[in-house]
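Protein chains: 6
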Amino acid sequence: MNDKPPAKRIVDLRAGERLDDHVFRVAQKELRTATNGSLFIHAVLADSTGQLVARMWQASQEIYQSIPEGGLLHVRGRVDNYKGSRQIIIDGVRQVEPGTYNPADFLPSTKLDVEDLWEQVKELLRGIKHRDLLALVGKFVNDPIFVAGFKQAPAAVQMHHAYLGGLLEHTRNLLRLAEAVCPLYAQVSCDLMLAAIFLHDAGKVRELAYATNFEYTSEGQLVGHIVQGVLWIHDKCRELEHEAGRPFPHEVEMALKHLVLAHHGKYEFGSPRLPATAEAIMLHYLDNLDAKLAMVFEAIADDTDLTSEWTSYVRALESRIYKPNALGEPGGRSSR
Amino acid sequence: MNDKPPAKRIVDLRAGERLDDHVFRVAQKELRTATNGSLFIHAVLADSTGQLVARMWQASQEIYQSIPEGGLLHVRGRVDNYKGSRQIIIDGVRQVEPGTYNPADFLPSTKLDVEDLWEQVKELLRGIKHRDLLALVGKFVNDPIFVAGFKQAPAAVQMHHAYLGGLLEHTRNLLRLAEAVCPLYAQVSCDLMLAAIFLHDAGKVRELAYATNFEYTSEGQLVGHIVQGVLWIHDKCRELEHEAGRPFPHEVEMALKHLVLAHHGKYEFGSPRLPATAEAIMLHYLDNLDAKLAMVFEAIADDTDLTSEWTSYVRALESRIYKPNALGEPGGRSSR
Amino acid sequence: MNDKPPAKRIVDLRAGERLDDHVFRVAQKELRTATNGSLFIHAVLADSTGQLVARMWQASQEIYQSIPEGGLLHVRGRVDNYKGSRQIIIDGVRQVEPGTYNPADFLPSTKLDVEDLWEQVKELLRGIKHRDLLALVGKFVNDPIFVAGFKQAPAAVQMHHAYLGGLLEHTRNLLRLAEAVCPLYAQVSCDLMLAAIFLHDAGKVRELAYATNFEYTSEGQLVGHIVQGVLWIHDKCRELEHEAGRPFPHEVEMALKHLVLAHHGKYEFGSPRLPATAEAIMLHYLDNLDAKLAMVFEAIADDTDLTSEWTSYVRALESRIYKPNALGEPGGRSSR
Amino acid sequence: MNDKPPAKRIVDLRAGERLDDHVFRVAQKELRTATNGSLFIHAVLADSTGQLVARMWQASQEIYQSIPEGGLLHVRGRVDNYKGSRQIIIDGVRQVEPGTYNPADFLPSTKLDVEDLWEQVKELLRGIKHRDLLALVGKFVNDPIFVAGFKQAPAAVQMHHAYLGGLLEHTRNLLRLAEAVCPLYAQVSCDLMLAAIFLHDAGKVRELAYATNFEYTSEGQLVGHIVQGVLWIHDKCRELEHEAGRPFPHEVEMALKHLVLAHHGKYEFGSPRLPATAEAIMLHYLDNLDAKLAMVFEAIADDTDLTSEWTSYVRALESRIYKPNALGEPGGRSSR
Amino acid sequence: MNDKPPAKRIVDLRAGERLDDHVFRVAQKELRTATNGSLFIHAVLADSTGQLVARMWQASQEIYQSIPEGGLLHVRGRVDNYKGSRQIIIDGVRQVEPGTYNPADFLPSTKLDVEDLWEQVKELLRGIKHRDLLALVGKFVNDPIFVAGFKQAPAAVQMHHAYLGGLLEHTRNLLRLAEAVCPLYAQVSCDLMLAAIFLHDAGKVRELAYATNFEYTSEGQLVGHIVQGVLWIHDKCRELEHEAGRPFPHEVEMALKHLVLAHHGKYEFGSPRLPATAEAIMLHYLDNLDAKLAMVFEAIADDTDLTSEWTSYVRALESRIYKPNALGEPGGRSSR
Amino acid sequence: MNDKPPAKRIVDLRAGERLDDHVFRVAQKELRTATNGSLFIHAVLADSTGQLVARMWQASQEIYQSIPEGGLLHVRGRVDNYKGSRQIIIDGVRQVEPGTYNPADFLPSTKLDVEDLWEQVKELLRGIKHRDLLALVGKFVNDPIFVAGFKQAPAAVQMHHAYLGGLLEHTRNLLRLAEAVCPLYAQVSCDLMLAAIFLHDAGKVRELAYATNFEYTSEGQLVGHIVQGVLWIHDKCRELEHEAGRPFPHEVEMALKHLVLAHHGKYEFGSPRLPATAEAIMLHYLDNLDAKLAMVFEAIADDTDLTSEWTSYVRALESRIYKPNALGEPGGRSSR
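Read top to bottom, the protein sequences are chains A, B, C, D, E and F.
Per this note's numbering, residue 1 is the first one in the first sequence, and the count goes up by one each step.
Per this note's numbering, residue 1 is the first one in the second sequence, and the count goes up by one each step.
Per this note's numbering, residue 1 is the first one in the third sequence, and the count goes up by one each step.
Per this note's numbering, residue 1 is the first one in the fourth sequence, and the count goes up by one each step.
Per this note's numbering, residue 1 is the first one in the fifth sequence, and the count goes up by one each step.
Per this note's numbering, residue 1 is the first one in the sixth sequence, and the count goes up by one each step.
Please keep in mind that the hints were generated in silico from the structure rather than gathered at the bench.
Think of the CB as a built atom: it goes at the ideal place given N, C-alpha and C, for glycine as much as any other residue.
Keep in mind that the hints are not guaranteed to be accurate.
[What the hints assert, rightly or not] Distance windows between CB atoms, simulated:
no., chain 1, residue 1, chain 2, residue 2, range
1, E, G50, D, R18, 39 to 47 Å
2, A, Y313, B, H242, 25 to 33 Å
3, D, D116, E, A209, 41 to 49 Å
4, F, A244, D, D302, 52 to 60 Å
5, F, A316, D, K129, 57 to 65 Å
6, B, D91, D, I63, 50 to 58 Å
7, B, R315, E, G50, 31 to 39 Å
8, A, K8, F, N213, 33 to 41 Å
9, B, D12, D, I89, 33 to 41 Å
10, B, S60, E, Q61, 29 to 37 Å
11, A, K8, C, V157, 50 to 58 Å
[As the list claims (entries may be wrong)] Dumping the calculated DSSO-like pairs for lysine-lysine here, alpha-carbon to alpha-carbon at most 27 Å:
no., chain 1, residue 1, chain 2, residue 2
12, F, K139, F, K8
13, F, K266, C, K266
14, B, K111, B, K151
15, A, K129, A, K111
16, A, K266, C, K266
17, D, K4, D, K151
18, E, K122, E, K151
19, E, K29, E, K8
20, C, K129, C, K111
21, E, K266, A, K266
22, C, K151, C, K139
23, B, K4, B, K111
24, D, K29, B, K266
25, E, K266, D, K266
26, B, K111, A, K266
27, C, K151, C, K8
28, F, K151, F, K139
29, F, K111, F, K4
30, D, K266, C, K266
31, C, K129, C, K139
32, E, K111, E, K129
33, F, K266, A, K266
Sequences and hints are given; from them, build the entire structure.
Dropping the structure here:
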């Protein structure tokens, strides 16, 4: 139904290039007065590959109001070099016909193929042998509303995997980790790990809004993805009971809810329960491992300063990151 | 169906008294070997008014095994004075016929009348004007299983109001506080406060076991009373929708769940959300006010050391408590 | 002695309006050089209802120096719209004749009637029955210097009730709370609560300067309002002893000092003592309740973003605030 | 007026020795029932050099009641070896004639000469050149009640210098440190340091009771030595003003109060203010230096385990202490 | 050279059994006086499978002194049931001829085969492709003193894997984890992970003493295993340089030292550096995963209370552990 | 070899002055576009006495690229007054001939004479009597590479003594403190204190880069100055052993390493060990005393706001600093 976004994406634009009716998402806009009294527009233009600051000199109130914040816009102008960064100088703008493009095509997005990731997830979940758990997982896998959201949601607003498909990518990573690690610990239930990983962040599908922007929904802020996930599991268990005409095993439901509730590992990170089973502890550490590694890789990928061996400070890691591959291995740090 | 517990309760026993077939709950028992090689039994005997250490010299393995831990027992013996405290010396024991007494009559229990408290709670809840909230509260008030547990449950295993009826007493106190305080803040919704207070600790009905002893249920430890309460509200909302054939208002449900989730006020106290509405903040502080005052009153009531103006250290208050009424007001500190 | 401030206040100014010799308080001023080399003045103009950024193009060093920072100024110009906010463009300025206006009329100020609040406070304090406490309270009520400061002081520099009369309003709120809550706890001394609430922040009268600006005095920073309040109570007790020729009851003085010292509730909030009496605990929670509710109401009142259901992040509450009244009650969140 | 305590002190008693009417302070007593039904007394006997556990077999209620807890007692019996520790077996006890001994002679006490320490303190204070500070210090030095308490008070109930004269010894140490260190920092006021050191813990004279035992007074717990010290300084300043007919310099009084209030260095250690002057910072670190070194020396002196190079865990230092002098210097760790 | 320890180990002893010249390690001994005045010995006897309390009535000073604390002893007596636990009643003791047994055979020990574990470790390390890293690892693998200690050392004094061979077992687990997990993250250097895992706790070989007991060496307490490990790596690099006549690559040495220094992940856990590379983060989480899972398994294995679904509180996990396998999988929780 | 920097330093420049070919270090540079489309350069120019913002209007890409960031530059222009601060308006720039000046002459630098400080340090170290410690210290004193760095290194990148020679000045201060304080505590080893002070921050010589700028080296960030210092001591001990043909005393080496490792005093400040000897505690507090006093003096020296008695907030002290000398002593706060 929608056109594809322009072939040339922000990541590829070079200083000096002309922009001829290029489509961007307007992430931000402001009308400013220059010191000589004239008005100019300061904006942030974005697509799925990044964002750039833009300026339009000699603007007017009318032009300003015609620009849809959070919406799409045709831009004519050029790419400039400003303090070593690229910047867009806008000469003119033009409305985008509604329905021409899908705004989601202009949000940051996983570099991987979403359908392929989803197939991997389903394949890994097929490893669950416990009948009731498998049925419960099936209720989610076969719920088209859940699946649509699950494929699209970012894993976070900004900490890690903060892009469309990020939740799916992070979940796939964890399932793969569990597949590799569970067999090493005979006392850990692989089935429970797989089901819990699949659902541990399911609440994010509802906690976050990601149709045109990444932000928390009101319900997300009032209730939180951890409890939202538990409520979702609760509802699916009730549905299963209704369909099957027999109770869903209570211990299994409790154990699974516990895994979701405890996966942040500490009260101060918003978990209302601390891990009290081997699976809860494993989920917590594998989740952290993948999330923190993603932060490292993203910090290195976002870093463009060739003069330093260190990225800038990454708050969630309480450290700057050392960029070189100490062993000089080829390809070490360069791609996500 | 059951006999009443003996007229003379632990609180009234005096050193020197004879015990002739007195009934107690056995809170603890241990078989110990004396240094001369003979066996003796060390036990803790309890009823609703308190507990005492007891010893039976010259015991045998058979006598020991005949004593039901957590159950009731006829005791013959005397009350002794040991290091300034009363202690029971057991001469003989006899089984209690099952069904003769209600074990709950031997658990610590509120000094107030439970039915009277429950009437007060219902009366205060009748003040709710919002139709849907009132209906939701009604689903709980008219659920006999909930009500039976709600009247019986302690408010905690040991922190404050840790006695049968404690949850009811604490809830009644909070409702009375809200009735007095809400009118002083026009922007706070009285209806939401009353409903939230009623349900904020409802999960404790399931988190705790209190039939013959006070302890956490497995579900209580895995899921926690905060989330258990939210799940219970969730189920009742779904029931109402099913009965009424129309959706329960989403904002009301979210706001109420938020109040329950946030009422501990801080992540480190197990709340997965921080208070984000005026009502959530008010609930948190009123809850703390009543709980902490109860700790003060209980610390003073439990303190029997007449030589000091201070109780022993109360861990949850990070302080010892000063017992005198500084103004010399009559009756100041003496009763609960 | 002073003229009234202009009828039209900042809260009422609209973009497009002309300002003809309007009087403002100059909260800030800076002389800046434009990129074309010319000078301009950037200032913040304020009155009791708010503040606005202002700019004067083509300024000179002389004009800049004629503007009194922290003082009053006649301004000629217009109100502009800049990035969605109002901004004043100054065409000319003129000195204000000293003594024409009261600078305090241009500081943020309680919306309530100060004299009425003060009468309420005195009326509530008349409820104290203990003779010595009443006499002590009377020493403050009848001290014109204390009363003048107490009516004027803000409750804080910026956290809550940070406006002239804020301390009085906060104290009135707490006294009303105590009047409602004390009767529910027979073991709490109402007299001690009323006296302690009246004096708990009395030190702020000296800790803060609020004649033309809100800031800490040097003594306020070196000694702090908690200890300043205790020293003030100490001095008044000595005065009373001197007048009465008999000692002020030691227990009462200690208990009152303890309440002031412990009312922040935790060492890390600057209390050198932790609450060790029922009254100290009640004071701490009521104080927090009123202060935190004020932060919620102020955050909502200050919020002008109609596109979000949430205020921006409120640091002292560690949360954004949810603005809607979930029950749809009329008037719910709209007024202070 | 009083007899001297017995020549042989606890520190010198050896297992196997007979005790013939030896005088001890009874630090604790308990009447216990042996498993064979007979009564025995368990007590802790103390003098200024230490304390020992004592037992009296075949005791009676009458003997037990004749023993004054916290008072003095003639003891007949022997010193035994019990699990590698000395223990007293009591054969008989006899009342001590009131007034025969000074109970304080049986409390732990500084090993140094109190009068000599006091002379050193006064000599060091004579170095103050600022007229008003010197006058203020003089008000304390010439207050016999203060001086009597100051010479006697321990510096703490148990952390460091917890013995009679401990406050004096600690204060002398700090004055000597200031005398050595101040000259190295030209911007630090020696006069202010000396006065502040002298008075920083003066409140302990009132915070603690130490006539027959070490414990907090009720005022000490309600108000605390930090604020008690400030109130004492406040009173002495007012006295000085009254005598001199002119105000005590406000800045000096504020600076001194600040030093006392801030000397614990952090809110969580009970200081209501954080150090905001060079002197406040120096006082905090010198105070810590002497206190923590005293803990190290006391931990080593109290340690009698020759088989380990480490003392047991010292909670306030969060560590065990390494006992050897690494350099093999003579006398290194052996004496206090 | 040494006899084998007795076939019947503590884990297999049953109440009622006779002990006829059974050999134990004496973990603790105390001489106590019974209330009837007679002496008895209280001891803790241990072997590699556990430990039991033992009592010898009617003991003498001579017998007591003949028992070697930390050494081995022949014991004659019986196993009793005391408060539901087994206890040894000693009738007689006899010296063990020096050299008859290896004391280490009586310390708690891994259930796995040490030589087999060591072969696995070496096999996994052969996967390292980087020449210098492989050479460095070889310096350790071929150092007989290191290898002897590495095979014997526990991983901790009491937290997890606190048994002989525990360090080896924990290291093998981590190497296996790395082998499974590294391939999932292309940007992580497998070689660096393998080398760092092998050496991350190498300092424990020197930090701990484990010949006859588990405790910290003085150097262990003064320097700590983290820095001891780094110093060891430092020395081996210097050796390699000396042998090879060329510098060890500086980046590799720094990266490896960083991994060891940062592997505790947080300053408060004793790491002087925070993880700043992907490998450092992975090492930290894998190390935690294996250590925390071991605590769970050990808590369940040590738990003998069949009446509760929960272990007692595990301090390092801040929780009790839920014992059942929720899915009812066979063998789930039962073996280590 | 190098010219001296210009006689007139930044600290002496006055608004209105002409700059005629003045030499500065370029601390920062940016090319900016003015709102009228023209380019201008924004730079920060510095010398050893301070730094100033500078602007060059009508700049070009060519001029911009000719300016060496971190290097030296001849500047022609004038000093302007901008918002009450001085600012440089650049008219023209000219390259500095390499080798003409020493870039270090343009970094902030101690006000004291470096050679004189070094002589003081050596003199104080001569007080060490222990032969091996003295030999070890000698290895550093006679290592020209160490000495060159030690004389030049700042004590920190920005906290305190953050200027060339700062490490030397801080070390001299600590040695002088130890010389004054050690004799007051007979149980503290003066020799160990002197050696440990000299070497406690030696690792900073390698942790920091300070040739043309102050920043962390990669090794500094990966390993940290604490462990770098310990490794340096380790190497020098090995050298000594090699030269002397006998082992360096193990206890002395451990004690010294412990002092370096523990001198930050707490895990959260990056010490992997907590102080466990009297010397370790003394080192920690003296180090803090000098560092924190330096922060106070530097905050006052940097403060130019004559209208306030308080400096702005000093983050590391968690407070603003009170500037007046309360006693009115001459010269009190004015010079470093």
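Okay, the hints, checked on the actual structure:
Taking the beta carbon of each, G50/E and R18/D are about 45 Å apart, inside 39 to 47 Å as hinted. A hinted range of 25 to 33 Å for the beta carbons of Y313/A and H242/B is inconsistent with their spacing of about 53 Å. In this structure the supplied range 41 to 49 Å holds for D116/D paired with A209/E, their Cβ-Cβ distance being about 47 Å. A hinted range of 52 to 60 Å is violated for the C-beta pair A244/F and D302/D, which are about 39 Å apart.
A hinted range of 57 to 65 Å for the beta carbons of A316/F and K129/D is inconsistent with their spacing of about 32 Å. The given range of 50 to 58 Å is broken by D91/B and I63/D, whose C-beta atoms sit roughly 27 Å from each other. As the Cβ distance of R315/B to G50/E is approximately 34 Å, the hint placing it in 31 to 39 Å holds. Look at K8/A against N213/F: about 39 Å separates their beta carbons, and that is inside 33 to 41 Å.
The hint said 33 to 41 Å for the Cβ distance between D12/B and I89/D, and at roughly 40 Å that hint holds. Between S60/B and Q61/E, the C-beta spacing of about 34 Å keeps the proposed range 29 to 37 Å intact. In this structure, K8/A and V157/C meet the distance hint of 50 to 58 Å, their C-beta atoms being roughly 53 Å apart. Taken as a hint, the K139/F and K8/F pair is broken in the structure, with Cα atoms around 41 Å apart against an allowance of 27 Å.
At most 27 Å may separate the alpha-carbon atoms for a hinted pair to count; K266/F and K266/C meet this at roughly 23 Å. Note on K111/B and K151/B: the hinted pairing holds, with a Cα-Cα distance of about 13 Å set against a maximum of 27 Å. Our distance criterion of 27 Å between C-alpha atoms is broken by K129/A and K111/A, whose separation comes to about 32 Å. With a CA separation close to 23 Å, the supplied pair K266/A and K266/C stays within the 27 Å bound.
Our distance criterion of 27 Å between C-alpha atoms is met by K4/D and K151/D, whose separation comes to about 19 Å. Under the criterion of a C-alpha separation no larger than 27 Å, the hint pairing K122/E with K151/E is consistent with the structure, at around 12 Å. Distance check on the hinted pair: K29/E and K8/E sit about 23 Å apart at the alpha-carbon level, within 27 Å; holds. With a CA separation close to 32 Å, the supplied pair K129/C and K111/C exceeds the 27 Å bound.
Distance hint between K266/E and K266/A is fulfilled; the C-alpha atoms sit about 15 Å from each other, no more than 27 Å. For the hint linking K151/C to K139/C, the alpha-carbon distance of about 16 Å falls within 27 Å, and the restraint holds. Taken as a hint, the K4/B and K111/B pair is honoured in the structure, with Cα atoms around 16 Å apart against an allowance of 27 Å. As the CA atoms of K29/D and K266/B are separated by approximately 45 Å, the hinted pair breaks the 27 Å bound.
Of the supplied pair hints, the one linking K266/E and K266/D holds, its CA atoms being roughly 23 Å apart against a limit of 27 Å. Distance hint between K111/B and K266/A is unfulfilled; the C-alpha atoms sit about 38 Å from each other, more than 27 Å. Simply put, K151/C and K8/C have alpha-carbon atoms about 25 Å apart, close enough for the 27 Å limit, and the pair holds. Under the criterion of a C-alpha separation no larger than 27 Å, the hint pairing K151/F with K139/F is consistent with the structure, at around 16 Å.
A hinted pair counts as satisfied when its Cα atoms are at most 27 Å apart, and K111/F with K4/F qualifies at roughly 16 Å. At most 27 Å may separate the alpha-carbon atoms for a hinted pair to count; K266/D and K266/C meet this at roughly 12 Å. For the hint pairing K129/C with K139/C, the CA-to-CA distance comes to about 16 Å; that is within 27 Å, so the pair holds. Between K111/E and K129/E the CA atoms are separated by roughly 32 Å; this puts the pair beyond 27 Å, and the hint is violated.
A C-alpha spacing of about 23 Å is found between K266/F and K266/A, which places the hinted pair at or below 27 Å, so the restraint holds.
Violated hints for the displayed structure, listed by number in ascending order: 2, 4, 5, 6, 12, 15, 20, 24, 26 and 32.
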